[in-house]
Each structure stands twice: as C-alpha cells, then as structure tokens.
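10 protein chains.
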Amino acid sequence: MLTRLIYASEVTKPMTPDTLQDIVDKARKSNLNRQITGMLAFDSRYFLQLLEGGREAVNEVYNRIVADPRHQRVQILESVQVDERHFATWSMGFSAADAHGREIFLRYSSGDQFLPYKMTASSTLGLLRALALR
Amino acid sequence: MLTRLIYASEVTKPMTPDTLQDIVDKARKSNLNRQITGMLAFDSRYFLQLLEGGREAVNEVYNRIVADPRHQRVQILESVQVDERHFATWSMGFSAADAHGREIFLRYSSGDQFLPYKMTASSTLGLLRALALR
Amino acid sequence: MLTRLIYASEVTKPMTPDTLQDIVDKARKSNLNRQITGMLAFDSRYFLQLLEGGREAVNEVYNRIVADPRHQRVQILESVQVDERHFATWSMGFSAADAHGREIFLRYSSGDQFLPYKMTASSTLGLLRALALR
Amino acid sequence: MLTRLIYASEVTKPMTPDTLQDIVDKARKSNLNRQITGMLAFDSRYFLQLLEGGREAVNEVYNRIVADPRHQRVQILESVQVDERHFATWSMGFSAADAHGREIFLRYSSGDQFLPYKMTASSTLGLLRALALR
Amino acid sequence: MLTRLIYASEVTKPMTPDTLQDIVDKARKSNLNRQITGMLAFDSRYFLQLLEGGREAVNEVYNRIVADPRHQRVQILESVQVDERHFATWSMGFSAADAHGREIFLRYSSGDQFLPYKMTASSTLGLLRALALR
Amino acid sequence: MLTRLIYASEVTKPMTPDTLQDIVDKARKSNLNRQITGMLAFDSRYFLQLLEGGREAVNEVYNRIVADPRHQRVQILESVQVDERHFATWSMGFSAADAHGREIFLRYSSGDQFLPYKMTASSTLGLLRALALR
Amino acid sequence: MLTRLIYASEVTKPMTPDTLQDIVDKARKSNLNRQITGMLAFDSRYFLQLLEGGREAVNEVYNRIVADPRHQRVQILESVQVDERHFATWSMGFSAADAHGREIFLRYSSGDQFLPYKMTASSTLGLLRALALR
Amino acid sequence: MLTRLIYASEVTKPMTPDTLQDIVDKARKSNLNRQITGMLAFDSRYFLQLLEGGREAVNEVYNRIVADPRHQRVQILESVQVDERHFATWSMGFSAADAHGREIFLRYSSGDQFLPYKMTASSTLGLLRALALR
Amino acid sequence: MLTRLIYASEVTKPMTPDTLQDIVDKARKSNLNRQITGMLAFDSRYFLQLLEGGREAVNEVYNRIVADPRHQRVQILESVQVDERHFATWSMGFSAADAHGREIFLRYSSGDQFLPYKMTASSTLGLLRALALR
Amino acid sequence: MLTRLIYASEVTKPMTPDTLQDIVDKARKSNLNRQITGMLAFDSRYFLQLLEGGREAVNEVYNRIVADPRHQRVQILESVQVDERHFATWSMGFSAADAHGREIFLRYSSGDQFLPYKMTASSTLGLLRALALR
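Protein chains in written order, with the working numbering: chain Z, 1 to 134; chain S, 1001 to 1134; chain L, 2001 to 2134; chain R, 3001 to 3134; chain V, 4001 to 4134; chain F, 5001 to 5134; chain B, 6001 to 6134; chain D, 7001 to 7134; chain X, 8001 to 8134; chain G, 9001 to 9134.
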C-alpha cells in the first residue's frame, strides 16, 4: 500500500551546514534503499518533509526521525493511502526554505516565514509542490 | 490558519486625495508587517477590501478599520478559512473604482456603479479578481 | 441582488420594421438607464429576451413588457438569482431570429424554427449565447 | 411543464378587510379554474405568493397581478420548472402574516417582520412551507 | 440577507458576576431590538458567540463588541450568508462554559477546556448546538 | 487542530497480564492528562489504537509509543484533521481482541484473526467502532 | 438487461368497457408470459404505461402497441436501463385515471386532468407510483 | 421538448444497395421535414440509429421504423430528454459500418463486429460520435 | 485487502442432490478454513456465488471452481476491493433458487427465472441480499 | 457487456525467452480471435495483465490462464463492466517490466520493483497506461 506522510519538526540546536548536509545525504541514501520519494524543505529551524512509498518503509523512516535527537516536536500533519506519487522522480527533493521562497510561503500560509506547524496539510502539499517547481 | 475576509465600508466624509493616499500607504505598510495580502477597491464613497493572511493578523487589521473614524457602516461580507491565497503577490492591490471599472462593476452587480453593500460575497470576489487583472 | 430573467412573448399583430426598431431602441435606452444587460432574439412573430441586472430593475422592465399591448402571451421561462452576468458588455444584444440562425435554433430546440415557448430554460440560455457569438 | 413562481408585491393603499377578502376569494376561484395551487402570505402591507401549475396558467395569473392597480412593486423572487408541487392540496393557502408568525419570520429572514423583498428565494420557500404547517 | 457570524474574544480583566450579567442582559436587549438570535458561551476568560440576523444588524453588534474595552483579541471564526437560522427561538442563548460542559468541549476540540481560538468554525458550530441542547 | 491518528504495532515479546495492565493504565492516565480519547484493541500480539485529540498531544503520545521498547513495527494507518471526535467519552476504550471479537474481525478484514496491518484505515475505523459498541 | 420504458398514447376512438377490459386482460397475459411488470393508467382518452422487464421483451410489447390500431400518437417519454424494478409484484397494475385521482394528477402535472403528453418522465414516474399506492 | 432516441434493428432480408440508398434517402428527406438530426450506422445486417428532435417527431419516425417490414427486432437502447443536440448539423449522418470501422467498434463493444444489440446506450453514443468524426 | 467477487457458472451435467450437498458442504468447509463468507444461489442449472474475504483466499477458491469439472462457463460478474463484508455472519449462505424466489428474481432481472449471466453485477448483489433476507 | 479484468500471476519456474515468446504470441493470437485487447507487463517473475473485451471472452481467456501450469498464484485485482476500452488499438501490448520501467513502477507502487500483487487496482491501471505510453 502506497502511503503519503507529511510531518513537521524542529531542530534541537542550530545546525551547521555539515550536519544539514549529513541529514540530506543520509535521507537520500536511506530513501533510495527504501524506494521512498518526496520533498524536504528546511530553513534554519523547521523541517517539513513529505514521504511517499510503501507504508512499512515510510513508517520506518518516520520512526527514525522521531528517535533522531537532532529533531524535536516531530508531528505528522497528514498520513493517508494514495494510488500514485507526486514526487516519483525525486529520491528526496530538497529546498532551502530561505528568503527566495517567501512568496511561496506567503501563498500557502499566514506569513512569509516558513512555519509548517501552523499550516493545514493541504496547504503544505501545495507549498511543497510549488517549491519543487521553483 | 489562513483566513480570507471581505468587508465593505463607507467614508464618513469626503476624502481628500491626501487622506486616501494616507490610508493606502498605511494599509500597505501595516499589511506588509503582518504578512497580509489582498485587494482594495475605492470610489469616492465606498471601500471594498479583501484581506487574506493569518486569522489573528487579519482580525487585528479589521478591528482597526472598525475603530477608524474615517470608516462607517463597516460590514463583513464573508470570512472563511482557506488553504491558499488569491492575491499572494500583492501587499495590497489598489484599484480606483472609477469610471474605467464600469464594465467590471456591471458584470458582478446590479449596475455600473460601485455599490459593494449590495453584492454577494462571491460576486465581490469575482469583482476584485477582475479589477486586479485590469 | 443580481437577477437573470428569460421570457418569451408573441407580437399581437405583424410588426413594421419601424415598430421593431422602436422597441429595440427603447429597450436599449431603458436598459442603459437601469443598468440592465441581456440579449433579445426576434423573428417576425416571437420574442425571446434575457434580462440580467438588479432584481428591482429587471422586474420593472418585465412588468412594462407585460403591460405593453404589442406583446401577448408574455411568459417567464426562468428567473433566478445569479452572481455574474453572461452579457455584461451588451446594453441589449439583438439578433434577428431569421433564416441565418436555423442551425442554432435546431441545436437547441425541436426544429429549425424559432419557437421559444417550446424550449426549456437551459436550452434558451444556450441558444442566446450561441446567437450572441454568431 | 410544471412551473413554480414566487413573487412579492406591496399594496398601493391600505386595504380594507373586504378588499383583502375579495382578493383571496378571486385568487382561489381563479386558481381553481386554472389548476393552480400555492400559498399566499399577507400582512397589512406586503404580499408573498407562491404559484405552482402549468407555465402558461401561472404566467396568466402573474400577469394579471402585475396589471392589478392594488399591487405595486410586483417582483419575481424565483421562477423555475419543477417535477412535483409542494402545495398540491391547496387551491391557495392563505396565512395572515401577523404577529403569530413572528418566530417563523425570524427563522427565515433578518427580522421578525414580514419583509419578503429582503429574502432569498430559498428562504421564502422555507417560510411559506412553515406557515402552511402552522 | 441573513448572516451568521461566529467570533471569539477574551476578557481584558477578570469579570465580576455583575459585569457578566450586565453583558448578557445588554446583549439580549440589543439583540431583541435588532432581531438577532444566537448563542453565547463564556467561561471565566473566553467568549464564543454566534450571531445570526440581518447583515447590517449583525455587523453593528459585532462592531460594538470590537470597540468594547471589556473584550480583547476579538476574532471572527466565520461569517457567511445563510438561508435559515439555527437558533431562531433564542434572543441569545447563554451557556456558562464551566466544568459541566467538559465532555462537549472535548468532543469538538483538542481538550476539555473551553479554548475557542483553537477550534475550527465547524467545530464551534457543533459545540454551540450541543451546548444549546444540554 | 483536532487530529485522529490510527496506528498498529506488534509486541516485542509476549506480554504478561501485568505488563498489559501497566500499558493500559498508563495510556489512560497519559491520555487523561493530554485530553486524548480513543480506542485500543489488543490480542496477544498486535495493538491497534485510535488516538484523537490536539495534534501536538496526539503526536507526543504517538512518539512515545514509537520509542517504547515493548512495541515494534509501529505504523500509522491514517492521520487526518477532524472536526469532531468519535470516542469523546472514552479516555481510552480497551477491547481484548480475543475470540469474542471474531465476527467483528471477519466483517472488516480478510479473516477472523486480529491482523491490523492488513486492514485499510477505513476498515480499522469500522472495526474499532464495532468493538466499542460490543 | 433490465429496461424501464414509459410511454403515452391516445385511443383512436371512444373505447367501450369491453374493449378496455380486453386490452387490460391481454396486457396482463402478455406481460405474464414475457415477465414484464409495470403500471397502466387510463382515463377515457389517454394511456400512460410503464413497462419494466428484459429489453427485448419490453420492446416487443411496445412495438405491438405501436402497431395496435386502437392506439394513436404513441410516444415514449423515457426508456433507460435499470438495476431493479419499481413494480416487481404487479403483472400490470391498472388505475382508472378518473376523478378520484385528481389530487395526484395535480401534484405531478399542470392540472387535475390526466394529460400524460404534457408531463416530464420524472413526473410520470412519481404519478404512477402514487397511483399504485392509492 | 428535445428528445434523443437510440435504437437498433436488423434487416429482414439481405438489402440491395438500391434498397439501402432508398432507406437513407427517405430518412434524410423525412428527417429534414421533421427537423430531426442524428446519425445512422449500418453494416449488411444491423442498423444503429440515433434520432434527436422534438419528442413527437422523433416518435413518429420511430413508429414508422417499427412498422417498416424491412426492419425486425427494432429495440430502443435509450430515450431521454436533452437540452442540446449532438448532431445538429447532420440531417442524418450515415456511416457504412464496414471493415474501416473495426477499430471504433472494438473500442466501444465486445468485438470488432458491429453488434449494436450487445452494447450499452452510452457505448453506442460513443460509437456514433466516433464514426461521425471519422 | 478485503475482496468481493461475484461469479456465475453452469453445471456440466444434471446434479444429484448428493452432488449438490457435496458442493455446498465442501464450500462451507473450505470457506471456513479460508475465512471466506458469502452467499450461493443455485437452481438446477446455474450457480451464482458471492465470495468475500482476503484477495488471495477468494482467488484460490475461485480458481478451484474454474478447474472443477462440474462447473462450466465460469464467469466473473464483478471483483472489487471493499472495506466491509455484506455477509459476515455466513460461512456460505445457500438459497435454492427455486420457485419460491420468483418474485425476487423478477425484481432484479429480466424474468422470473434464475439467469445470472444476464444480470448486471449490481442486480446480482441486490438479488443475493434479498435471498439472504428471505 | 464490455468487461475489464486485471490480474497478476507468478511463473512456476524460470521462463526461457522462447517460452515467454510463446506465451505472448499465443496471447496475441488468442486475443485477436476473441476480440480482446489489453496490456501485459512481465518481468522475469510476475505477470500483470489487463484484458478488456466481451465478458464471456475475457473469462475464457482468464480461465485458461488459471489452468495454465506456467502460472501460479493467479489473482484478479479488479473486474468491472466498462463502456469504452483503454487499449482498443492493442491486440495485446507487451512491456518487458525491466529496469527501464523503474521510474514508472515507483510512481504507482511501493518500490521500483515490479510487484503487482502489492498494488491497488487503480495503481495497476495507471501503471499499465504509463507503460503503454513509454
């Protein structure tokens, strides 16, 4: 069963570029192994990630994020069964949720900051698709 | 939660171009600070404004308009939760609701005058989007 | 409240070109004053007219037609509230419902004659929009 | 084709009980002849009437009301084709729209007065059905 | 046009029973004059009120609440046009949002406290209808 | 925002009645504190739990389950935003998923065993509601 | 394929009670043989019949009616494929469309006469079901 | 009332090209007189014809086909009221249902033969529109 | 994944009561083992069976029927994924499709004979549910 | 009745290119005779095939596959009635489900392997259409 899971999380402490690079690299490798695709957006504080793949694999990845000490306040925004992926060609798209995304953040949320906890699931899906097209 | 609020109001007394300019300038600045976008239409008598943004911010702006002595008969035409903005690229679009808009006024209301109190919320949304495209 | 009213009527006696011209001219002037738009189709016997505008104005115009001795069997095919006009740029479109319209009459009714009493309201709306595009 | 037409009108001058009785009696007789059913509500100033029957018959009755000097501001709130009547057993239900109806007026309109011009068509349908059940 | 408006607000300072009584009494009187119906829930800190009535009247009442120094953070949760009222028989239902309502608060919100700002408009409508039935 | 989350998990080793009792007791206490309601079904091997409450609270509880060494293969079957709870009166309903539930298991899944991983989210919702009514 | 066909026809000349009896008897026998069910309504002039059964059988019966010199103006009001019959227990219900049916005729058509040609298919279905329940 | 009727029939004996020509010519002439449009497909054995026009005219044509000794097993596949014609520009389109149509027959039916009795009404409508575009 | 499969088949030769008893007994035992539920209808010639259970189990049973020399013309009428069973309490309901079922056969098919090949899937579902309630 | 049937199966032993060729050739010939169209995908282990055509023919083909010793675990993913084919121009499309299809497999399933048993019917339909367009 193909599953889509969107979650938000917050870094536990400021992240060096190396740590971030490490997270993205590992996510890509781990996703590649597990046939997971999706999209990750990150500013210096929050993560918003959409994972799509087999239910078991998506949950394994998600459970590791829950256990990862670099993440806190890990929260699922939506998890549903789907028939087709949105990001099939991306082992894990990555978008630095920086100033260049402000107009997109604004379109889908209350402000031009990247505040995924305050968004509805359908707004985050719109946001991630818009970032992927950027 | 992203909110869209459309209201109409009437000037308490004829407005000099300076006063109008002051209102538009302050609206833009205030909206910019609060991450509010939208569209304002004004003829010499009536305001029609669509505000979209965080619910708290939109209501703060709205409540200041209610308290503003230059506005009277301030009335909400619609206020609902939304997942995406219509005017994400406009800190506050402004359209002088003058003779050039007559055909647009006519399309969405009973006459070619700008009479927002007599329109349904869905007609005002159509009107503001048409004015923005003008 | 924006209203759309479609009615059919029949001439009480054969109409000279001058009389018809008089009707159309007056309709345009009267509609212009009342901010009414729409479309009128006429062959030598039947009128089919769509009026859209404020409810009060549309009914004033309609009630004058009911009282006009040149019309008989005046019947409303549909009257509903709408959010947007179909013919916003026409003070009153006019189409001579003559032989050139046969294919259009045929598409929306039982034959290639112009017999508005025998049509459903949704067929007459299709017919008038097709005539306007001709 | 079965048609439902709802209209509102206003008396041209205060109406004696005899005149009102005359109107109701004639409406019932006229409707009986034309197989029209429906519901009439009247306070001392406004009429709200729903007519259902054949399109031709309903329009004949309506056109006489338009021409009747005791009515002014005659306006159609809705006229549509239907497959079944709501008031099939009433030649013409009548409800004095007096103080006893206040709670019903309030449920379907902006206040506890009988002000049919300010109601949507679907609110008037609800109002007339509630009055008929009283 | 019949309007339903739901708002939340917070008291500016602890309210004595007399002040609360004053607010409720004035709301009832004011609503009675303006033909407004609805439902008010209040715990010692937050107000949640549903107002239904004519758009102009509902907005007059709402604008006075915005200006009332005893209320702060006044925010509209929803304002839409409707065809029928939910609380037609209540000049203003009042429910002390106290411990007896906990199970109802829990059904419609994240916890058993009365926290209207954190609810969706459709949850608040469910909540107020459940309180009215209590 | 009110959230409903349904997950399945498997015990890491056979569970003594005391351990199970401990889990249920702690779940109830923890849920009570966090205003979470729901339903838990357990046979000697699998857990199926529906949690409903605030998104933050539901995710805190869920993340503790992910980290709990007595659970393995913890997988979310569905997580969505809702406007009203299904189990508002249950701090945490518990149903031993034993032989007495066979007919219910059979109605919503491929067999009369309790195998939540093999069920769709909508089947598990039906199953838990049926168990609660037993 | 199960088919429902509704047609109207007119007698070619006044029908004696014997002739009518003959028609009904033959219809019942013929329908019984062909496993056709339905409902027939007749006044002294018009027939309205609903036939439901296999497409081939229904059409054989219908084609005999077309060829029957006692019927003229035979017209199909509707013929569609269905999954279940409305009149499964009636070899052929019969209702004399006489004065006792007036209220039913009125509910579904323009007048209290039985004029099936002037009815929509969905009105005739309502009419026949109401006559069957009489 | 505009009606669409689709029927299938079978020739009673092999048809010479002259007889077929005669049928098509007469159909066109007859349809032209009656303002009927549509589409006819014929292989050497079966007819499939869609007639659209006034209900009375369509049924007159259909009843003549029922009575025509060159047709047997005449069966209606569908007859419904419509608001607009599909083939308004065709007095009667004709398509020899020969080998060139095999791919089209295959798309809408069980095989590449022209077997209209075995098709659903919606498949025949698709087939005739595809043949008309060929 | 819970699956519902409906098929029809025909006996290869007349079946003695013993053979039939053997089939039903084995079906029940086999279904019990595989957690399959459903309903079987049989007259002296045709079988109509609905199987619901796990996709793998339902297909194993179905494939054995395909291979069983006592069945011929085995055809699936419908096979779809479902969230809940219709016959959860029946290891395999059995209904002799004899004369007592005629009224039910008639309601869902072209005649009062049991001819499952000529029925739509939705008609067979209605038929089997009606037989189960008998 | 036009039917679409999608099934998955597994080879009983590794298949030589000749055996595969034999299967595809025979499928094409057999389908051509039976007017069946569709699409077959095969990697070295699993078959996924969509058959569309007459219900009887599709089931004959399917039943032969069930009986074919080279297939095991033959399971229907979906079988429904349709009005139009998806693959009308393909006697039997064939796609080697090899490494070139990985991105397509990924879009519609849990991984980039070809594992048809683990897919929903609607995902397999998407997959086969995407392979046909490749």
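Treat the hints loosely; a few may be bogus.
[Said to hold, decoys possible] In silico DSSO-like cross-links for lysine-lysine, where the CA-CA straight-line distance does not exceed 27 angstroms:
(1) X/K8029 <-> F/K5118
(2) F/K5118 <-> G/K9118
(3) V/K4118 <-> F/K5029
(4) R/K3029 <-> S/K1118
(5) B/K6026 <-> B/K6013
(6) D/K7029 <-> L/K2118
(7) V/K4118 <-> R/K3118
(8) L/K2029 <-> L/K2013
(9) B/K6026 <-> L/K2118
(10) S/K1118 <-> L/K2013
(11) S/K1013 <-> Z/K118
(12) X/K8026 <-> D/K7118
Calculated directly from the structure, the hints in this document are not laboratory data.
If you draw a straight line from the CA of B/K6026 to the CA of B/K6013, is it 27 angstroms or shorter? 19 angstroms, holds
For the pair we were handed, R/K3029 and S/K1118, check the Cα-Cα distance against 27 angstroms. 39 angstroms, violated
Check whether the Cα positions of X/K8029 and F/K5118 lie no farther apart than 27 angstroms. 24 angstroms, holds
27 angstroms limit on alpha-carbon distance, applied to hinted pair L/K2029 and L/K2013: This hinted pair holds, its Cα atoms lying about 24 angstroms apart.
27 angstroms Cα cutoff - pair F/K5118, G/K9118: 11 angstroms, holds
Is the hinted pair X/K8026 and D/K7118 satisfied, with a Cα-Cα distance of at most 27 angstroms? 37 angstroms, violated
Hey, D/K7029 versus L/K2118, does the alpha-carbon distance stay inside 27 angstroms? 24 angstroms, holds
Hint consistency between S/K1013 and Z/K118 [alpha-carbon to alpha-carbon, up to 27 angstroms]: This hinted pair is violated, its Cα atoms lying about 41 angstroms apart.
CA of S/K1118 to CA of L/K2013, is that 27 angstroms or under? The given pair, whose Cα atoms are some 41 angstroms apart, is violated under the 27 angstroms limit.
Check whether the Cα positions of B/K6026 and L/K2118 lie no farther apart than 27 angstroms. 37 angstroms, violated
Holds or violated: are the alpha carbons of V/K4118 and R/K3118 at most 27 angstroms from each other? Distance ~35 angstroms between V/K4118 and R/K3118 Cα, so the pair is violated.
Check whether the Cα positions of V/K4118 and F/K5029 lie no farther apart than 27 angstroms. 24 angstroms, holds
The structure is inconsistent with the numbered hints 4, 7, 9, 10, 11, 12, although it conforms to all the rest.
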